[in-house]
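Keeping the supplied structure of chain C fixed, place chain Y upon it in accordance with the hints.
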Amino acid sequence: MSLFSALRLFRPRRPGRLAAEAVTLLVAAAVAFPLYWMVLSAFKPAGEIQSTNPRPWTLSPSLDSFRRVFEQQDFGRYFLNSLTVAVTVVLASALIAFLAATAVTRFRFRFRTTLLIMFLVAQMVPVEALTIPLFFLMRDAGQLNTLGSLILPHIAFSLPFAIWMLRGFVKAVPEALEEQAQIDGASRSRFLWQILFPLVFPGLVATSVFSFISTWNDFLFAKSFLISDTSQSTLPMALLVFFKPDENDWGGIMAGSTVMTVPVLVFFVLVQRRLVSGLGGAVKD
Amino acid sequence: MTTTSRTGTARTTSGADKAGAANGADKAGAPHREGRAANRSGLARGRGSGWTPWLYLLPALAVLGALLLYPIYQLGLISFLEYTQAQVSGGEPTSFKGFGNYTALFADPQFRQVLLATVLFAAACVVTTLAVGCALAVLLTRVRALPRLVLMLAALGAWATPAITGSTVWVFLFDPDFGPVNRLLGLGDFSWTYGRYSAFALVLLEVVWCSFPFVMVTVYAGIRAIPSEVLEAAALDGASQWRIWRSVMAPALRPILVVVTIQSVIWDFKIFTQIYVMTNGGGIAGQNLVLNVYAYQKAFASSEYSLGSAIGVVTLLILLAVTLVYLRLLRRRGEEL
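Just so you know, the sequences run in chain order C and Y. Heads up: the first sequence begins at 32 in my numbering, then just goes up one per residue. Heads up: the second sequence begins at 49 in my numbering, then just goes up one per residue.
It is worth saying that the hints were derived from the structure and are not from the lab. Where is the CB? At the ideal position from N, CA and C, for every residue including glycine. Hints are supplied without guarantee of correctness; some may be wrong.
[Stated by the list, open to error] Have a look at the derived ranges for each label pair, beta carbon to beta carbon:
#1 Y:L284 / C:T145: 32 to 42 Å
#2 C:T83 / Y:Y118: 33 to 43 Å
#3 Y:Q158 / C:M149: 30 to 40 Å
#4 Y:A171 / C:L230: 52 to 62 Å
#5 C:T89 / Y:L368: 31 to 41 Å
#6 Y:L368 / C:G47: 24 to 34 Å
#7 C:S220 / Y:L164: 21 to 31 Å
#8 Y:A171 / C:T83: 34 to 44 Å
#9 C:A53 / Y:R302: 25 to 35 Å
[Claimed, not checked] Covered by chain Y, per the in silico footprint, the following chain C stretches (three or more residues, Cβ under 8 Å):
#10 79 to 88
#11 105 to 119
#12 122 to 133
#13 136 to 150
#14 185 to 193
[What the hints assert, rightly or not] A few chain Y positions that, by computed beta-carbon distances, are all more than 10 Å from chain C:
#15 G98
#16 L163
#17 I332
Just chain C, with the same shape it has in the complex (with noise of 0.2 Å):
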């Protein structure tokens, strides 16, 4: 190692990096294109949307789109609604996948490694195919338009992949901690909630990006379930108001987008520490 290391001084500069860098920043400035774009629209007047002559800046930025998104179509309410769906599914799921995670990785039982193949398999159904018997399903139990009719069936198509991922993390928290933890007198469900949770937080958290992002995401059982009662509509259904046959209001939907992009934007921020903190977790497994 220390020859590759010294043959390393004496190679002189690597050449191109110079230009690798460029194309990396040039790449970047085309990736982050559209969030930009997407962001500088919803601050522009009207007048310099609809020019033909559209210009990478704005100077009288106004924030008439914004006001128009939430007074005429009641955004602040599609956005409690989407908020509602996404925190109930990341609570439920985090929970239920934690439970389940900790069955398969701490105990031996008969048909374990059945049930985690189904797990597997269960995370590569297109629910979207789904969308005909869930609505029926949800018909049948009254919970059309009603955010119950997202909330269920996300909970269960989060369900395999957060207990998938959580394997890593509950195998990860050594098992002498658990003897530790009987021979000091910690009952069963006592060392699951307050030796092993807090010790697969970070992992909770990690998984729970996912399911945040799904559920939030979701527009098309929010498009088949929310029919009628469009006081239940989630932001995406709310979005798509603003799309007129002839006369587009692209102000509107970028602001519109803009709303709905940025608290996912924060999510990945807050989350971002925890993440790392639990991937270590997880790789050390």
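Just chain Y, lined up with the frame of chain C:
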């Protein structure tokens, strides 16, 4: 710098977990015995421990049974019935049609066309996403920390963007009247969503934009895990970047590439939101329909619930086949579950 790569690894979670599990493959024998030993201690000790795991599994199994297994059964059942608006409202009794819906489906030239379009479109998306993701991952290894951080952050943004807002933004970017792209390329008022192929191309760009970060970040983390001496030895031997990728990196990254490919296939095959939003429900005269959108239109727009379910079954079976291939690949590497 640390923050960058950390953000990077953080994002790999789904892939890294499986890859991590795959790395544990060689240890497969040992944990089994440890596990069995653990059975006598810890949580599993004490009376009634035989039922404890099932107690813990109960909520998960109940939810999955009611909202995943049962709907799958129902999907299959409806696909064998005559089930349209008349039956739903109770006006007519439901009747068993056997494979009637499937025969009707495969006799329908539009369905065959949609099926073909879905397969080709998904394939194009997967290939482009992988190519872009891998190329940028290699690029990331060749630049200093700051440019890497910038690209990672941009990719993180694209990744976090919900499919629906990504779709609206890309449609706006390519808008014939007010979009900057046509202006920049001097395309005048060329409408991207008017032609079949240009519409598919537009959706493909959006799909690649929001799914390449997963590939890039996962593969980058994988490359980082390859001992740098190996890569340097290859470089010293005068191997080109392409040769290093093909002969050194790709073989070492095989487990990660498998995960990433399968994940992309599954993602891109069941696309709904992007097509629905960007081509306004499947394009002019349904020219941009893919299976999921077609099933939705059949069921909820024309109340042909049984035909929609049959399409759903076809989608399910195709993805099940992909999953089985995936499981086989995992098994061949001897992963312990």
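Hint numbers contradicted by this structure:
The structure breaks hints 1, 2, 4, 5, 6, 7, 11, 15; every other hint is satisfied.
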